[in-house]
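Take a look at the letters that make up each chain.
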Amino acid sequence: MLMMISVYGCMLFLSLLQIRRRYQLDYNEPYEELLNSEYTKPVSILVPAYNESVGIYGSIRSLLSIEYPEFEIIVINDGSTDDTLEKLMSKLKLIEVNRVIRKQLETKHIKAIYRSSIYPNLIVLDKENGGKADALNAGINCSKYPYFCSLDGDSIIERNAFLKVLKPIIESGDEVIASGGSVRIANGCVIQNGELVQIELSKKPIVVMQVIEYLRAFLTGRIGLSKNNLLLIVSGAFGVFSKKWVIEAGGYAHTVGEDMELVVRLHRLVKEKKANKKIIYVPDPVCWTEAPESLKFLRRQRKRWHRGLIDSLWRHKKLMFNPRYGSIGMFSMPYFFFIEFLGPLIELFGYILLIISIFTGGIYLEFATLFFLLSLIYGSIFSMTSVLLEEWSMERYPKVKHLVILFFVSLTETLWYRPLTVIWRVEGIIEMLAGKKGWGEMVRKGVSND
Amino acid sequence: MIEISLVLLLILIAVMFFILMSLFFYLIVKKYFNNRTTRKLNDYKEKYQLAIFQYLQTGEEELLPLAHDQEKFKVVIELMIDYSTILDDSYIQERISSFAKQYLTTYVKEELRKKRWSLRMNALYLIEDFHMDYLDESLHELFNKKRTTVSEKVQILKLLAKFNDHKIIEYMKYVSDELSDFSLLSIIMSMEEEKFDELTAEFDGLSMRLQYMVVERIGEQQLFKHQHLLEKLIIQEDDELRIRSLKAYATTGFPIDAKAIIGFFNSESWQVRMMVTKVVGIQRLDEYKGQLIELLSDKEYLVRAEAAKSILRFKDGIELLTRVTEESKDLFAKDMAIEWLEKERESYSY
Numbered sequence: 079m080l081m082m083i084s085v086y087g088c089m090l091f092l093s094l095l096q097i098r099r100r101y102q103l104d105y106n107e108p109y110e111e112l113l114n115s116e117y118t119k120p121v122s123i124l125v126p127a128y129n130e131s132v133g134i135y136g137s138i139r140s141l142l143s144i145e146y147p148e149f150e151i152i153v154i155n156d157g158s159t160d161d162t163l164e165k166l167m168s169k170l171k172l173i174e175v176n177r178v179i180r181k182q183l184e185t186k187h188i189k190a191i192y193r194s195s196i197y198p199n200l201i202v203l204d205k206e207n208g209g210k211a212d213a214l215n216a217g218i219n220c221s222k223y224p225y226f227c228s229l230d231g232d233s234i235i236e237r238n239a240f241l242k243v244l245k246p247i248i249e250s251g252d253e254v255i256a257s258g259g260s261v262r263i264a265n266g267c268v269i270q271n272g273e274l275v276q277i278e279l280s281k282k283p284i285v286v287m288q289v290i291e292y293l294r295a296f297l298t299g300r301i302g303l304s305k306n307n308l309l310l311i312v313s314g315a316f317g318v319f320s321k322k323w324v325i326e327a328g329g330y331a332h333t334v335g336e337d338m339e340l341v342v343r344l345h346r347l348v349k350e351k352k353a354n355k356k357i358i359y360v361p362d363p364v365c366w367t368e369a370p371e372s373l374k375f376l377r378r379q380r381k382r383w384h385r386g387l388i389d390s391l392w393r394h395k396k397l398m399f400n401p402r403y404g405s406i407g408m409f410s411m412p413y414f415f416f417i418e419f420l421g422p423l424i425e426l427f428g429y430i431l432l433i434i435s436i437f438t439g440g441i442y443l444e445f446a447t448l449f450f451l452l453s454l455i456y457g458s459i460f461s462m463t464s465v466l467l468e469e470w471s472m473e474r475y476p477k478v479k480h481l482v483i484l485f486f487v488s489l490t491e492t493l494w495y496r497p498l499t500v501i502w503r504v505e506g507i508i509e510m511l512a513g514k515k516g517w518g519e520m521v522r523k524g525v526s527n528d
Numbered sequence: 020m021i022e023i024s025l026v027l028l029l030i031l032i033a034v035m036f037f038i039l040m041s042l043f044f045y046l047i048v049k050k051y052f053n054n055r056t057t058r059k060l061n062d063y064k065e066k067y068q069l070a071i072f073q074y075l076q077t078g079e080e081e082l083l084p085l086a087h088d089q090e091k092f093k094v095v096i097e098l099m100i101d102y103s104t105i106l107d108d109s110y111i112q113e114r115i116s117s118f119a120k121q122y123l124t125t126y127v128k129e130e131l132r133k134k135r136w137s138l139r140m141n142a143l144y145l146i147e148d149f150h151m152d153y154l155d156e157s158l159h160e161l162f163n164k165k166r167t168t169v170s171e172k173v174q175i176l177k178l179l180a181k182f183n184d185h186k187i188i189e190y191m192k193y194v195s196d197e198l199s200d201f202s203l204l205s206i207i208m209s210m211e212e213e214k215f216d217e218l219t220a221e222f223d224g225l226s227m228r229l230q231y232m233v234v235e236r237i238g239e240q241q242l243f244k245h246q247h248l249l250e251k252l253i254i255q256e257d258d259e260l261r262i263r264s265l266k267a268y269a270t271t272g273f274p275i276d277a278k279a280i281i282g283f284f285n286s287e288s289w290q291v292r293m294m295v296t297k298v299v300g301i302q303r304l305d306e307y308k309g310q311l312i313e314l315l316s317d318k319e320y321l322v323r324a325e326a327a328k329s330i331l332r333f334k335d336g337i338e339l340l341t342r343v344t345e346e347s348k349d350l351f352a353k354d355m356a357i358e359w360l361e362k363e364r365e366s367y368s369y
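Quick mapping for you: the protein sequence lines, in order, are chains A and B.
Heads up: the first sequence begins at 79 in the working numbering, then just goes up one per residue.
Heads up: the second sequence begins at 20 in the working numbering, then just goes up one per residue.
Same shape as in the complex, but just chain B (with noise of 0.2 Å):
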């Protein structure tokens, strides 16, 4: 009985011992080939740098250090998005796309089509820096299929949307419940401005998340021909799409109707006080100076901030908030206005 289980342990032990030493010899003996080649690559980087930059120039293709070597194949890639990044030349993305097109095709469809999630995204993020719209049937493809991942469904979303692709806004509307805000608003940010208009034109049959991202868009690019939109959107119910009107009033300086405001300094929602404070500072709101010296005393801290912030774009504000450090009983104002006088004393841009 003894004896066996020590035969079982001892195969144990060399079963184990085989691993570990298995496991040893794997990682170095990677680590020695892995450092072999990142020499290599680096040396032929160096070597043919110029040689790629001429081909970009020139377009002359024996210039393309290819043969059937995969470092070497790997470097020309790199280099090329090297230069997509920095070389804005409409000839130099147009040889780039076409060396894509000749020799990247197959291998980037390959790829999306692997079983390793990394290997799929590396793909996508290869088709995003050789423009490569011509695969746009791949992407679909992978799109519709049951395994993909949020965030490779996020990246052919991108993809599609920079390609100007017809299914989008179909695409966008029956996922946008899966994507973060960050996401939603990085695709329609890559959107081509027609595309976005044809999105806004469905604005009322569109998620509640869409519609912010949309109203985001509006104000981070300054489309002036969807105000109407914002000034649609101040005056209606829901609080959130309030709040990123005025957002996008305050981003844009688009002109405000000033009397439709008016009720928003006493709003129950202490952003929407915050946002219609900030509009009223940066649009220079007269008739609203003593709105904000009032919301100096808000209960809660962001609007006291915004409002002494505010106070300050006019310009009497370094005078409006020196009256309220002498005569303001309230110590939350003077607080603030102290602070910011001191900033702006010191030209700080805090």
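Only chain A is shown next, with the shape it has when bound in the complex (with noise of 0.2 Å):
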């Protein structure tokens, strides 16, 4: 326990330090040279979609007002049984063409490649299902540029945000091989032509309280391990990736946790090949996506990521404290399985305990009601600093009633949020033992108003 604080208290030390250096940075500016420079790299973006039908009109909407000098959008009809094709056919005029496809991956079958004929830049795959790897594979074969962007179907990006995720890329050199970006939640906010036009918190509080969650994981876990190069994780709703690197690595591998395994692949290539490339996280950037607002698909959700964290872990174990992966085999490898895999099975085990003592007597009641207070004390303090990091950085809530809300809901985590995520990662646990795989079935609602 006391480990977590201490891991979990440097890495909020280390992204307020971060954080407060860039305060009030002009944001315009360092952009402007970007968007006029005909050496910003260009990028692909690629858009699986298997069964998006109600949003990614939306999403390819908000892709074609991105603020970048030069990129195409492929998205990757993944076998939908749905109208996602039909929907992308009619809306985008799409017409078919014929293509070499550079078959860089293995994936499963291409049945027809079509181009829009309103937006040039804009290619459609009809492929048989093979998940969303296969999917994304697919796309890097068709791709055209050396670097490319995986995003979801789901997702509504900020104009400038690829300008924001790639400058590091450019300025690098080629030395970061991959980008991501923050993930805020769409739900409540105002979207229109696939842009956000006012953000607005849910009533929910489920939505709220995932808002904090994803706060707290972007801004206070992300920029502390990028910093030292310790990052397992580009999120897949919205990073950026270099195209040789990833073909060299193998592509996406079909799991569930596609994204966070193929940047452990990605570092593991790194340091195999000695190589002196980075894996970073920008906290600018924002992508925009659907939560889900019933604990029944999100406990689904949670189960699937413990799953593919676990996944992940297990694929790469032969890093775990090797000292020849450097910091990755012995700290982010031991961080992620000590931690954030088997933090739930030990914080479960706490609540058993104290539940089975509240009946059995064995407790004194005043500690327990103390030490209960702290721990909601001690994780509102957390929620509410990368509350103050988000001010610091992006201010993306308007509202003095949105921190109000932030707090308040906040203040309640430990009654019951805390506990049901901590009993459904240990049942992702338990799934992973019995050998379950798959996703699991998520219904959209979509998060575009139009």
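None of these hints come from the bench; they were simulated from the model.
Since we're looking at a predicted model, the values are computed, not measured.
Even for Gly, the Cβ is constructed at its ideal location relative to N, Cα and C.
Heads up, a few of these hints could be off.
[What the hints assert, rightly or not] Straight-line C-alpha distance at most 30 Å; calculated DSS-like pairs for lysine-lysine:
{"id": "1", "chain 1": "A", "residue 1": "Lys-222", "chain 2": "B", "residue 2": "Lys-362"}
{"id": "2", "chain 1": "B", "residue 1": "Lys-318", "chain 2": "A", "residue 2": "Lys-352"}
{"id": "3", "chain 1": "A", "residue 1": "Lys-322", "chain 2": "B", "residue 2": "Lys-318"}
{"id": "4", "chain 1": "A", "residue 1": "Lys-477", "chain 2": "B", "residue 2": "Lys-91"}
{"id": "5", "chain 1": "B", "residue 1": "Lys-353", "chain 2": "A", "residue 2": "Lys-222"}
{"id": "6", "chain 1": "A", "residue 1": "Lys-189", "chain 2": "B", "residue 2": "Lys-244"}
{"id": "7", "chain 1": "B", "residue 1": "Lys-266", "chain 2": "A", "residue 2": "Lys-321"}
{"id": "8", "chain 1": "B", "residue 1": "Lys-49", "chain 2": "A", "residue 2": "Lys-282"}
{"id": "9", "chain 1": "B", "residue 1": "Lys-93", "chain 2": "B", "residue 2": "Lys-66"}
{"id": "10", "chain 1": "B", "residue 1": "Lys-66", "chain 2": "A", "residue 2": "Lys-119"}
[Stated by the list, open to error] A short, non-exhaustive set of chain B residues, derived as facing chain A with CB atoms under 8 Å:
{"id": "11", "residue": "Val-26"}
{"id": "12", "residue": "Leu-28"}
{"id": "13", "residue": "Asp-200"}
{"id": "14", "residue": "Phe-201"}
Once you've looked at the hints, go ahead and assemble the two chains, each given alone in its own frame, into the complex.
Here it is, written out as structure tokens:
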């Protein structure tokens, strides 16, 4: 427990230093040059879509209006059983084309390639269903630019997010091989024509709780890890990768947590080749995505995430405490295993012990209450510090009311949300032990209001 | 024992509760005042837009709403920056500079000495926006400080390049290893042409990466007077220099000595093969059409694609590619020819 508190505390401290350093920086100036430069690296944006009929058009609209000098969008219809392809056909006026695909990664059969007659830089691949990883690999094969971005079909991207996420790649001279941006929750926001016009908080506490959770994960967790090139996760919802390195690493693997798995593999490759390459997180670029609004789907998502985590750790167990892999083997892997993976198990054990002790009388009630209060306040301090980091860096939540809601909801976390997620993550461990595979169905209502 | 621990716990809770509440109040108070300031700034901006514009046109200083109000001052600066980017008139630029000299010099100098990185960077951006070239001493001072970060150095070098500073070439040689290609190029692109000529004159003494970027600028800005340098570079041993020089030939359209490139079609480097293919297409070198058709079967996909694209640049390009689709036994060549013929039919520049 003490170890957990100190690791999280250190990461929080590093993030505070890092964000404070950039506080009040003029955010437009550094990007003007990039926008006008001919030396920005063109990007292929890959959007895998499986039954995304509701949200896909909004996402594409948001992509078409991004501020970036040169890009292509490749939508991969991964054997959808709904009308995703038909919707794309009619809205984007697709025409079938002959294109030679450079098969650098093995994928399921591509049935047809379409190009939009309205937007010449938009391609749609129609392929047999093979899962998200397979769809992304097909997109990589079809892409023509040296960097690609993977983007979820239910996400909305801010207009200048690409400039921001690619800036370190461009400026580092290829030293950065992957760069991930921040993800925020779109539920409750007003989105029109694929553009976020007003940021609001959802009225549902379960969504607000996830807003806090995302702020904490991105702003306190990833900044600290990224600073030391220890990042094992680049969010699948929004990340840019060097195509060359990803292909050399073998592309995406068919697992439940393909995004984390790829990043671990990239780190592994970098260490094995003794290359000086980095994987970083950029706090500013924001991608808005849909969060589950019911306990049922949230539970599914969390179980899946936890299975994905152990899957990646297990596949790369060779790295654990292996000095050959430097800080990734000696810090990141143990951190993700002992704190992120085993943490919930220990926490659940604590909860059970507490309940049993209350009934058997083996507990000082005064102590238990005080410890409970302490953990409640400690958790809230963490949450509010991440809100502070948000305020110092992005200021996306515009009203005082938003901060008040975030504060009061964060106070309740220990009472319901934390125990629930702990139970779900332990369920994930059980499912993993039972050998469960697959993603579980996810119902989307779409983030776009049009 | 137990009582002491309970007290300790209570104290700990009280301290943490105090921290939490302080955080909360800091956040809401800050948000409240920030929102108020933003509203005020927007109002001021609307109110003073015309006055600033008139000042820029007439030069009458009494029109400037400065007083001692920080917010008004901020708005004036923002409006000036906005105008400086849209109004290119030399009188207006002069007035903007004279405003900056009078009201911003002390402020910018102080900001450059601040401990926080973001404030120093903002000051450097202000120097750029208001073309404050008389602050060169402060720039040199900051550049030579130990704690100055790479991003600050890049920004300073860009400014010194724009201001035609005498030390720029020396500085660039000194720090070129620390900077990325992109940064080096943006500094070189900011240089006055005369300074760039000086840099080119020292070409052989530059680091390899600086040499690459010099070639990039020659190509990018079509600097015909440096064509002899490109002629020299394509026949040199270094593949990277050869590739970049060929790229410069492709972007500029400078006439190339056709005999000099004859061996490049069989180069071991696919990038050289691709670039020479591009040059042949752009310059429509008839004698190499046969090589282009051969390159349609190259083992490297990007070379095949470039070869097809180049063939289409010739008058009889469509005919040549059609023949490939009918006669070639190489499936790669056939597929590529079909794809590009289709693109040509749709007049689609992909």
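Okay, the hints, checked on the actual structure:
1. Lys-222(A) with Lys-362(B): holds (15 Å)
2. Lys-318(B) with Lys-352(A): holds (28 Å)
3. Lys-322(A) with Lys-318(B): Since the Cα atoms of Lys-322(A) and Lys-318(B) sit roughly 17 Å apart, the hinted pair holds (cutoff 30 Å).
4. Lys-477(A) with Lys-91(B): Roughly 24 Å between the alpha carbons, so the hint for Lys-477(A) and Lys-91(B) holds.
5. Lys-353(B) with Lys-222(A): holds (19 Å)
6. Lys-189(A) with Lys-244(B): violated (53 Å)
7. Lys-266(B) with Lys-321(A): holds (22 Å)
8. Lys-49(B) with Lys-282(A): Answer holds: Lys-49(B) to Lys-282(A) is near 26 Å, not above 30 Å.
9. Lys-93(B) with Lys-66(B): holds (14 Å)
10. Lys-66(B) with Lys-119(A): violated (41 Å)
11. Val-26: violated (10 Å)
12. Leu-28: holds (5 Å)
13. Asp-200: holds (5 Å)
14. Phe-201: Nearest chain A Cβ about 5 Å off; hint holds.
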